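> We have chain F already, so just place chain Z on it with the hints.
First to last, the sequence lines map onto chains F and Z.
Position 223, counted from 1, in the first sequence is what the numbering used here calls 223; the numbers after and before it change by one each time, with no gaps.
Position 287, counted from 1, in the second sequence is what the numbering used here calls 287; the numbers after and before it change by one each time, with no gaps.
The set of hints was computed from the structure by calculation and includes no laboratory data.
Just so we're clear, the structure is a prediction, and the values are computed from it rather than from any experiment.
Note that CB positions come from ideal geometry on N, CA and C, so glycine has one too.
Fair warning: there could be bad hints in the mix.
No farther apart than 27 Å at their CA atoms in a straight line, the calculated lysine-lysine pairs in the DSSO-like style are these [claimed, not checked]:
| no. | chain 1 | residue 1 | chain 2 | residue 2 |
| --- | --- | --- | --- | --- |
| 1 | Z | Lys313 | F | Lys117 |
| 2 | F | Lys317 | F | Lys135 |
| 3 | Z | Lys90 | F | Lys313 |
| 4 | F | Lys120 | Z | Lys120 |
| 5 | F | Lys120 | Z | Lys117 |
| 6 | F | Lys135 | F | Lys147 |
| 7 | F | Lys186 | F | Lys7 |
| 8 | F | Lys318 | F | Lys248 |
| 9 | Z | Lys117 | F | Lys117 |
| 10 | F | Lys313 | Z | Lys135 |
| 11 | F | Lys117 | Z | Lys120 |
| 12 | Z | Lys258 | Z | Lys318 |
| 13 | F | Lys90 | Z | Lys313 |
| 14 | F | Lys89 | Z | Lys313 |
| 15 | Z | Lys135 | F | Lys117 |
| 16 | Z | Lys13 | Z | Lys147 |
| 17 | Z | Lys89 | Z | Lys13 |
| 18 | F | Lys135 | F | Lys186 |
| 19 | F | Lys217 | Z | Lys13 |
| 20 | Z | Lys142 | Z | Lys349 |
| 21 | Z | Lys13 | F | Lys135 |
| 22 | Z | Lys217 | F | Lys186 |
| 23 | F | Lys186 | Z | Lys186 |
| 24 | F | Lys313 | Z | Lys117 |
| 25 | F | Lys89 | F | Lys117 |
| 26 | Z | Lys135 | Z | Lys147 |
| 27 | F | Lys147 | F | Lys13 |
| 28 | F | Lys271 | F | Lys147 |
| 29 | F | Lys142 | F | Lys186 |
| 30 | F | Lys318 | F | Lys142 |
With the C-beta cut set under 10 Å, the calculated list includes, among others, these residues of chain F facing chain Z [to be verified]:
| no. | residue |
| --- | --- |
| 31 | Leu108 |
| 32 | Thr118 |
| 33 | Val122 |
Protein chains: 2
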Amino acid sequence: MLSPLSKIRSRLKRRRLDALLVTQPENRRYLSGFTAEDTSIAESSGVLLVPFRGAPFLLTDFRYQLQAETEAAGFEVQLYNRGLMALLKKLLPALGIKRLAFESHYTLHSTSEALEKTAKDVSVELVALRNLIEKIRERKNKEELRKIERSVALNEQVFQEVYADLYEGMTERDAAIRIETAMRLKGAEGPSFETIVAGGPNSALPHAVPTDRPLTKGEPIIIDMGLKLDGYCSDMTRTVALGTPSEKMIQLSRLVRKAQLAATEEIRAGKTGYEVDRTARRIIAEAGYGDRFGHGLGHGVGLAVHEGPSLSKRNRKKLRIGMVVTVEPGIYLPGWGGIRLENMVAVEKDGGRLLNQDTTFLDL
Amino acid sequence: MLSPLSKIRSRLKRRRLDALLVTQPENRRYLSGFTAEDTSIAESSGVLLVPFRGAPFLLTDFRYQLQAETEAAGFEVQLYNRGLMALLKKLLPALGIKRLAFESHYTLHSTSEALEKTAKDVSVELVALRNLIEKIRERKNKEELRKIERSVALNEQVFQEVYADLYEGMTERDAAIRIETAMRLKGAEGPSFETIVAGGPNSALPHAVPTDRPLTKGEPIIIDMGLKLDGYCSDMTRTVALGTPSEKMIQLSRLVRKAQLAATEEIRAGKTGYEVDRTARRIIAEAGYGDRFGHGLGHGVGLAVHEGPSLSKRNRKKLRIGMVVTVEPGIYLPGWGGIRLENMVAVEKDGGRLLNQDTTFLDL
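Bound conformation, chain F alone:
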């Protein structure tokens, strides 16, 4: 497989672009190995300038100099102590860049205005691009797959430890804090998204935020959690109960599990996201809950916890070897609660390889 940098260069060539400015943090890490995060989109820790030819640059400020020089092998580090625009004004003409692309989906409108002005001052044409690197990131190489597997394994370890310690009366919030603390103590960089612990009626909200509601016996409790390890994310959901689950919970769990298994079976290179989603959706619809499964079946996972490809009716593109997706059917009954099960699957030539080992749903 070509290196990511070679792929980007061939895409730049095709569009007759002289260079790409990379502002999106996961794209920056993917290409350069520079692990610093942005405080916010308005407080960047650095930007890559990838010319069509010659060594790529990592532009940052003095706070990140040491880290940048240590981590970004093959990148020339330059500091913009007088601002990024001032540095670009010198660098673009020096490198002979005439057509410069930037990441439209991770550049603020205000920054794009400043870029326009800078580019104009040095007679550079500015071109807005979207998802060029994200598309390349969708297919993981072996090293990336190993990192994702380690992230999944650590996430399961944390889940199993905290699951064993849940008790009646513990609040959703306290359970979520326990989970995130355990992640960090076990060496994760942190959670890959805000942990969801949702009991009873709260579990009917696909994006519930943990509340002070105490966990109660017999009710469904959705735990949706993921962590970041060595940059790579995991994402897993289990629906559990304290004490004996209700008959309804058992039946719905079996139904969701059946949909998950069928969809996992369907995954292989060449199938579309649409087809895999449809397989799970049909099973849930045939049981009469079609309108209670209000989200897509899954999404890609990698350096970002939500990335391409999606498993949903909107994605008519074929899955390819090396993609990693979640498979997470759910049924949500307002007032009662919800069931969601989520595993991660790597797309291979002849099938999907399940990355999860945890079988807690078989408790039911």
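Relative to the frame of chain F, chain Z by itself:
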């Protein structure tokens, strides 16, 4: 004082704008009370549409419907299940909006392109604005000041508890995890930024990330921490030592403390951010460390942990009653370490009111 909504309307009127689209999360919370956070700038939990006349709108999707209706009193909640642009295409003409402003500094370039297209389709003129609400947010009312005080007090409680438990050999990372877990268990929404614990040479980096380096006796240990409580942030730095600090550490700490006290004395309505910064900087420069204090003296704090006004040579504007700023001089000696002390101060008519009670720097 006028309500924030009235202030915005008078500013819209002055610029002959019919409405403002609010995408920035803290601005959204400030105006509406809607507490949901965005997963990322590309995954928004909702947008406000504030017309010059009539009731304002909170536009969101089904996942946030219940929360939006509960929290955003006085806002009409509408759902964009077919996307924000589709909803705007209906809503803008229905409300007679002809000139629509958007937040240039918190709208992606790609979103601004979609907005341009939508606006054009319904003959609406689009105007890019910056910092309109941020400027209003700089001056806090009494209720906001009370919330900030509570945030500061809880942050100090956490600091004192964890400070008492620091031990030789504990890693920076473990100390930071302890701090963030304690914040959450005591009821904070979470840290207001990534906690810094930096010992020895690491403390020479103003934006150090906690490492696995063990805390060691006698060295400076910088702890820079803040939390969010009821939406409002705190931000505090202490430089401590395990065992007996070196003579050099004591001397530098006294110098930094002297600069901090002098700057705090200087704060009052009518002084500029430049003047207050200069007061601290002079004291450090006169002692020969002028080039070792490489950042501004302070920044505003409120719903965001970094907001206006800044205390730095770039801010020639006068401080006004109700502003809240940090005062955080520092000295950084590469290879040896650093000293930084940070308190929060509310600007009043005749002086600055210190919001911190913690006096740990007097240990030295």
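> What hints, given by number in increasing order, does this structure fail?
7, 8, 10, 16, 18, 19, 21, 27, 32, 33
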